[in-house]
Amino acid sequence: MIALVLTLSVVGLAIVGKQQLSQSKSELSSPTTGEGKYTAKEIYEFWDMYLKVFIQEELHEGMHPSSTVNEVTQERIRSINERYDNPKFEFWGFDRYHIASRDVFLSMAYRGGSVQIQFFIPALMDEFYATGADRDPVQRHIFDNFLVIGYLHELDHIVLGYIDTGNIPEVLLAYESATWAKTVQSIELLVTKDAFALHSLDQSFLDAWIHSGKDITSDVWLNWIRYVYTIP
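If you use this note's numbering, the sequence shown closes out at 232, no skipped numbers anywhere.
Derived from the structure by calculation, the hints contain no laboratory data. Please note that the accuracy of each hint is not assured.
[What the hints assert, rightly or not] Here are the simulated lysine-lysine pairs, DSS-like style, with alpha carbons at most 30 Å apart:
(1) 52 / 37
(2) 182 / 88
(3) 41 / 52
(4) 193 / 214
(5) 88 / 52
(6) 214 / 182
(7) 52 / 214
[What the hints assert, rightly or not] Have a look at the derived ranges for each label pair, beta carbon to beta carbon:
(8) 137 / 67: 19 to 29 Å
(9) 134 / 85: 38 to 48 Å
(10) 79 / 191: 35 to 45 Å
(11) 210 / 134: 26 to 36 Å
(12) 53 / 223: 18 to 28 Å
(13) 193 / 167: 30 to 40 Å
(14) 197 / 228: 18 to 28 Å
(15) 71 / 197: 14 to 24 Å
(16) 200 / 71: 23 to 33 Å
(17) 167 / 223: 14 to 24 Å
(18) 82 / 45: 18 to 28 Å
C-beta: ideal position from N, C-alpha, C; glycine also.
My request is simple: use the sequences and hints to build the entire structure.
Below, the structure written as structure tokens:
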């Protein structure tokens, strides 16, 4: 079972599979969080017309145009189902930036038998418009791929059980270095098999992995993770 939930100050949407459970559009023109940068209507439409469809129909259901993307995502979903005894998958869209940074696009959690993949919509919208993905088909394709890698990375956290760091820097470093090592191997596969066009951030992870000698314990790799996550 999957659920998609949009959490807005003035509108709520919950979907299980294809069935819409609740929805309110009465105040969609009201400003919402993110310092009023986007209205609730803009955030709702970005989620409802783009993210929700892309997440549910292409990524989670294995209908992405790339068979390699489907292969790596479905392998992770099977692993999660085995490890956590077929949990419910929930996809949460937030109308605010992540508390830690405006540069956090996705996150994850495992609560009460449910896997949660969390999308911070204002941050994603910032990147979408800053890169010209709203105007340029090439940039739109790269942004879609950026979402694929972000989604894979959050699934990798769940697969490995590297979920709650307790805000301990050493734990964050250990979790992210190991999880990104797993994710970047799929990035390599996608680039090799599909000539997968990478967002600059994902390309930087791949470059760091190659320069580290593909060694999770190397200073090159660990220092890159420290830099990205501002770990002392």
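Here is how each hint holds up against the structure:
With a C-alpha separation of about 21 Å, the suggested pairing of residue 52 with residue 37 holds against the 30 Å cut-off. A C-alpha spacing of about 23 Å is found between residue 182 and residue 88, which places the hinted pair at or below 30 Å, so the restraint holds. A threshold of 30 Å between alpha carbons decides the hint, and for residue 41 with residue 52 the separation of about 15 Å falls inside it, so the pair holds. Between residue 193 and residue 214 the CA atoms are separated by roughly 19 Å; this keeps the pair inside 30 Å, and the hint holds.
For the hint pairing residue 88 with residue 52, the CA-to-CA distance comes to about 16 Å; that is within 30 Å, so the pair holds. Taking the CA atoms of residue 214 and residue 182, the gap is near 11 Å; set against the 30 Å cutoff, the hint holds. For the proposed pair residue 52 and residue 214, the alpha carbon gap of about 34 Å is over 30 Å, so the pair is violated. Evaluation of the 19 to 29 Å hint for residue 137 and residue 67 yields a pass: the beta carbon distance comes to about 21 Å.
At about 41 Å, the beta-carbon gap between residue 134 and residue 85 stays in the expected band of 38 to 48 Å. Taking 35 to 45 Å as the suggested C-beta distance range, the pair residue 79 and residue 191 does not conform, at roughly 22 Å. Between residue 210 and residue 134 the Cβ separation comes to about 32 Å, which falls inside the hinted range of 26 to 36 Å. One distance hint, 18 to 28 Å for the beta-carbon pair residue 53 and residue 223, is violated here, with the actual separation near 38 Å.
Restraint check, residue 193 to residue 167: a C-beta distance of roughly 38 Å satisfies the suggested window 30 to 40 Å. As the Cβ distance of residue 197 to residue 228 is approximately 21 Å, the hint placing it in 18 to 28 Å holds. For residue 71 and residue 197, the Cβ-Cβ distance of about 18 Å falls inside the hinted range of 14 to 24 Å, so the restraint holds. Distance hint check for residue 200 and residue 71: the Cβ-Cβ separation is about 25 Å, which falls inside the suggested range of 23 to 33 Å.
Against the hinted window of 14 to 24 Å, the Cβ-Cβ separation of residue 167 and residue 223 comes to about 21 Å, which satisfies the hint. Range check, residue 82 to residue 45: about 37 Å between beta-carbon atoms, so the 18 to 28 Å window is missed.
Comparing the model with each numbered hint stated earlier shows that hints 7, 10, 12, 18 do not hold.
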